[in-house]
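Going down the list, the sequences are from chains C and B.
Counting from 1, one number per residue, gives the positions in the first sequence under the working numbering.
Counting from 215, one number per residue, gives the positions in the second sequence under the working numbering.
Keep in mind that the hints were calculated from the coordinates and are not lab data.
As the structure is a computational prediction, the values presented were derived from the model and not from experiment.
Be aware that one or more of the hints could be misleading.
From the derived model, a few chain C residues whose C-beta atoms are all more than 10 Å from chain B [stated by the list, open to error]:
#: 1; residue: W64
#: 2; residue: Q207
#: 3; residue: L211
Covered stretches of chain C (in silico footprint by chain B; criterion: 3 or more residues with CB under 8 Å from a CB of chain B, positions within the stretch not fixed) [as the list claims (entries may be wrong)]:
#: 4; region: 143 to 155
#: 5; region: 178 to 184
The beta carbon of each residue, even a glycine, is placed where N, CA and C say it ideally should be.
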Amino acid sequence: MSRAREQILSALQQYSENGGYRGIVKTPKEEGLSKEDRVARITQMMEAVHGEVHRLLDREWMKWINTELPKRGYKHILVGSGDIGKIVNVEAMDSLQIHSYTAEIEEWKDQLFNQVDVSITSTRGGIASTGSLVIWPTSAEPRLMYFVPPVHVALLNAEDIFESFEQMVIEQKWSKEMPTNSLLVSGPSKTADIQQVLAYGVHGPKQLVVLILG
Amino acid sequence: MKQGNTLSDRINNSLGKAQNRQNFRSAMSGLMEKRAAQFPDDEKLAKLRDRGREIRANSLRNLPYLLIELEKTLTENGIQVHWANNSFEANQIIVCLLQQNDAKSVVKGKSMVSEEIELNSFLEGHGISVLESDLGEFIIQLADETPSHIIMPAIHKTKKEIAELLHEHFPELPYTEDVDQLTQSARKILRNKFNQADAGISGVNFAVAETGTLCLVENEGNGGMSSTVPPLHIAITGIEKVVEKLADVPPLLNLLTKSATGQTITTYFNMISRPRQPGEKDGPEAVHLVLLDNGRSKIYGNSSLQEILHCIRCGSCINHCPVYVQLGGHAYGTVYPGPIGCALEPMRLGINKVGGLTSLCTLCGACEQVCPVQIPLPKLINRLRAESVLRRADYTSLIGAGSMRKPLESWGWRIWKWIYRNPAIYRVFSLIVTRTRELIPARMGRWARYRFNPKPARRTMHELAREAGFDNE
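Okay, chain B solo, but in the shape it has when bound:
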């Protein structure tokens, strides 16, 4: 990956790519319009979002019990459940399952959790070939890049770049920039792989505790094929994706597809409850579910941050973020970009590692307004900012809490607080500042690189107000 090492390197790098930024701008504008067209009635939308929030809150409130229930129903249905504390354990479980089944080649449906644990490189390190079958994921796999968006992973690429990429890797296919022909080329290449793969790996959109059902949302049919053609299917998901009842699924599905891509529904909605049964002629002989924690139970334990686990990964917050649209996904340097990334990643990975992401938020509130399950993203991001500069005595369970505290900055704020709390001192301070305005340095260093130099007014607002006839009351 040609990304800078620091956040500010990556931001500069992204801002310099005019074509990419144009791609993001037009894609996000289109997605915002399509979503808006799906929700013409504000009142109905509000009710649906209340319902979505209620369902997710219920799932979270009862999370451990629902996970036990899910394990029970899945096991009764013949689907084996595995638990993983972290990426390492999840990767180990998956590679063992593949080795036990003598699987050398894997075809994958789209899964952000598998990106989270960097499954592909791990499996390849063990001599297992992995092919991404979602067209967008396939493209970025060929380009050796990471997704720049959680729903549309190759959104940063133009069709010309994709045409060149396919031609470079498959010179036997004729060069074309026609999207239909490019898609058909990919169909041809990937069909054979489905036919021959030893195992399929997919994510999960909802796991239903009541019935032991794994739900997959997709448009291409690759998820359906990855989970049906190979003799072994391994699904992986975060522990928060469980819902209590099957009847919880239709409203969440409705919110998910409309919020994500502005579709009434996706082409396929696949509900898997068992491996192949006696007499059935296709479907995998074995189905496994890997439940991944990877920091989620820690977040669960922090009541002021827990709401981030309501997320159904629609990407709507990303599509509406004025910062994401300028930067694109790679600038964030984390698996999840945009508002959800700025909130989730510091909680998951630690403020000491990626706490800087919280400064990418303008707190404009667009994400919260469109979130189908009403996660208060700006509030959470603001809370993280506070946690990132906590004093040692106030440390919370959050990894890296307080790690961004700078002594000089905190002294500055202490002095500020002292001045603003004492009217007499404040009056003296404001008089001095207004009367010495010419002494403000002409160069204010980095702060003024993209801003005008601040210059205090000639007289304080209190003086002007008094002159205009206002008294102190």
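Bound-form chain C, shown alone:
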């Protein structure tokens, strides 16, 4: 369909003013929140959209997993092959059955869709102003860990919380190299498509638990 390409472009070029386009990147004005303020803001924003947030010391999270997940009746836990996965595989209680995302999805799709209760993942950071987790899935923690299991537990380092999405994109120079997929997650999956009534867990996780560390 290169004919369509030429037709569309020549129709547009006939009317476009100039060739050299000019960028308008402006550094956003931030409020200058302290780390604790950012933690407080992200917690407030997350909770407003039904996210569950806990502030823990660095190494407490595994204790939280071992206490809370069995208490809530979850058994099948999905982890990646990164540091978190390694720790969970070693330290998880016997009652939790750990699945590691080590094979390509095609080999175990049914199990992922039908068996896994909870996924535990890291995050790249957080955004205080919108209550968002910033996620760059990797081969160690692939994309579907964030979408398919009914419960998603995410670990977030307090140091990595930015004030705004714009600030993060610019300061971390995202435009230099974007990953295959990057994702902002702000609360559990939801819909208001039935008579404007809010309901959670329509396709993605019904519950999002954020453990803020440090």
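Use these hints to put chain B onto chain C, whose structure you have.
Same frame as chain C, now just chain B:
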């Protein structure tokens, strides 16, 4: 679809549906309140809207160059780009991609552009099953209807209607009117489909030229799953959705979600820049983007109408429109309803086809006030009205320009102009009208069906003013 054939049939039909109108009223009131709560500071809002407008204007000014850049970066990233002049070409491209990959079943995320090209019925005609996975789209697909709102497609339905619909199609599930349970039923039905689908199709909210990134805004997770689970992902978008820089995205996203549904941000914001890379364990093996023109380049060529292409499809103009709230989306009979529809659809499809839509506007200006990128919708709609009655000699490139011109009406206005331009004739005219006021016919036909009969005053305003001591100066 049980819709009337003409605009006025559809309007009468919509006005007669009391329940639907109540649904629209309460939904739109809620959306207006939620949006207002997101923008408490007028000054900050004004700055943000200036920024939004600036970004979109920059994109449009450089549109052909940005599209070439987008094609280059996407191709470098391994995403294949296809160009389509119209619906037919877009549908052909998509069906060929599906057939080449032996795909029989498709799961779709929400996409108004796919509604525009009537993709579902085209694919089904080629033996490919299509499932809408956005809950609202899924509901109207079951009901065999079209969206009544661009953001909330099933907004016209009550939960009782939806409960009955699901029960009719899935009798194995227990009947319930509980929204949580209905949502869980849909989750169950659709999960299996995601698992088994051969391909995923989605729209695009922003396409970033700088990095070759396709952005998807959504709440449910169906967009993320449609673009990750199946081995093939096809995205489709209008050529105007491109932005220059990645840094353009955060401010537009901020404006989009707050204006659309009054959310600070949606649950998911997905940025796709590549297909699955070696070593990665999920994601589609192939990603394609279809860039659709479908009348957009023609609109681009008309400098007085071009601003309509700034639109980021938030639906805020629809939510605030006093006409839409009375009629609902189906009365318009076009893919895009409300103010954006009244302006965009006649430009896209031609005034000769849907020019009547411009008469649905009261020019109240509410839409322009809330538009996150400041599109002057009333001005554009008014301009279309003018274009619709142009004389042949003044025809513009707009399809169907001048097609609504009526000889009798244009003569009427010519006489009116002549009277009002000549003071002496105007004086005689106004004297005659006031002195023969009793002769006004008692029945004024269709014009007076919903209006009082007009009756001129006993004396002209000039006479009264002179009596009150005003002189001609």
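- Query: Taking the minimum C-beta separation from C:L211 to chain B, is that value above 10 Å?
  - Reply: For C:L211, whose nearest Cβ neighbour in chain B is about 19 Å away, the distance exceeds 10 Å, so it holds.
- Are there three or more residues in the region 143 to 155 of chain C whose C-beta lies within less than 8 Å of some C-beta in chain B? Held - the region 143 to 155 of chain C has 5 residues with a Cβ nearer than 8 Å to chain B, which meets the minimum of three.
- Is it correct that the beta-carbon of C:Q207 has no partner in chain B closer than or equal to 10 Å? Per Cβ check, C:Q207 is outside 10 Å of chain B; nearest 12 Å; holds.
- Given as non-interface: C:W64, partner chain B, CB spacing beyond 10 Å: 23 Å, holds
- Task: Mind taking a look at whether chain B covers the region 178 to 184 of chain C? Criterion is 3 or more residues with CB to CB distance under 8 Å.
- Result: holds (count 7)
In the structure shown, no violation is registered for any of the earlier numbered hints.
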